[in-house]
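Engineer: Residues 0 to 257 (the working numbering) are what the sequence shown spells out, left to right.
In case anyone wonders, no lab produced these hints; they're calculated from the structure. C-beta: ideal position from N, C-alpha, C; glycine also. Some hints could be false.
Here are the simulated distance ranges between beta carbons [said to hold, decoys possible]:
id	residue 1	residue 2	range
1	K102	K37	31 to 37 Å
2	N227	N175	20 to 26 Å
3	G240	G57	33 to 39 Å
4	S113	K37	43 to 49 Å
5	N120	C239	20 to 26 Å
6	G65	S236	21 to 27 Å
7	D35	I250	31 to 37 Å
8	I62	P172	18 to 24 Å
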Amino acid sequence: MKKLIIILILSFLSKTTFSQEIVVAGNGLNVRKKPDTKSEKIGKLHFGTKVKVIEKTGKLLEIKDGNEIVKGQWVKIKFVNSQLFSSENNSGYVFNGYIKNEKEFNLYLEKEISKIEKFQNYKIHSKHSPYYIKGDFFGDKISDYAIKVSKEKDNVEIIILDIGGNNTQILKPIENLKDENNENRVIDEFGWAEIFEKVKSGTTLWSNFTDDFRSLKEVPNSERVILNYEAIYVHASESCGGGYIFWKDGIFNWLQQE
């Protein structure tokens, strides 16, 4: 009887867990209603989004990703800070081959950041999720990392780890930007930007506010920007204020989105 109880407890623990993980799928991770690739898709989590694993199903899966075979199992997760889901209770099932331990990845990023003298005392700012995103932000067909960092608790900056050819890595802080009027816009603090997302290549970027709000159809073609690489979208989650950040003509640019 005692052995049976122990077996039941171990079985329960193997299926129930409450670990904090982070999405590392470069193109995002599908969330499904049930632990099956044919199940209804209820949303997609961006690279860098925090999730809480609340159950291991034990249902194994292998996925061919390029030349690599990714192995794992279906797990049930809870997620926060996303506007992309139809799930009423912010939960669903994902393949855990594309979620990793947060601590290990943060240490890697901080090591790279500390190579630049200005950022030697900076740490990853993980208050809001996601706090880093992966994308080709410079149009060189190589994925980079945009990361929130801070030296002081309430002073948050965004830097991009530009990964070029031959694995060269250059940190580029996002500070001085050009706006839609070609005027300098200094944004050296991003603590307000709870929403921090990658914008897909080919998306029309535009400012929805000049003297007043306007829709896309009211924006002339000369003020629309379409890139063949990715951009960054930042915004306050519960108030007006935010915009697109993108690299063009050798500088970072800004388009306001209220």
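Engineer: Each of the hints needs a verdict: does it hold here or not?
Structural biologist: Right, here's what the structure says about each hint:
1. For the hinted restraint 31 to 37 Å between K102 and K37, the CB-CB distance of approximately 34 Å keeps it satisfied.
2. Taken as a hint, the range 20 to 26 Å holds for the pair N227 and N175, whose Cβ atoms sit roughly 24 Å apart.
3. Under the hint 33 to 39 Å, the C-beta atoms of G240 and G57, about 45 Å apart, miss the expected range.
4. Restraint check, S113 to K37: a C-beta distance of roughly 45 Å satisfies the suggested window 43 to 49 Å.
5. At roughly 33 Å, the beta carbons of N120 and C239 sit outside the given window of 20 to 26 Å.
6. For the pair G65 and S236, the beta carbons lie near 35 Å from each other, so the given range of 21 to 27 Å is not met.
7. The hinted range of 31 to 37 Å is not satisfied by D35 and I250, whose Cβ atoms lie roughly 47 Å apart.
8. I62 and P172 have their C-beta atoms about 36 Å apart, which leaves the hinted 18 to 24 Å range violated.
In summary, the structure is inconsistent with hints 3, 5, 6, 7 and 8 from the numbered list given earlier, while agreeing with the others.
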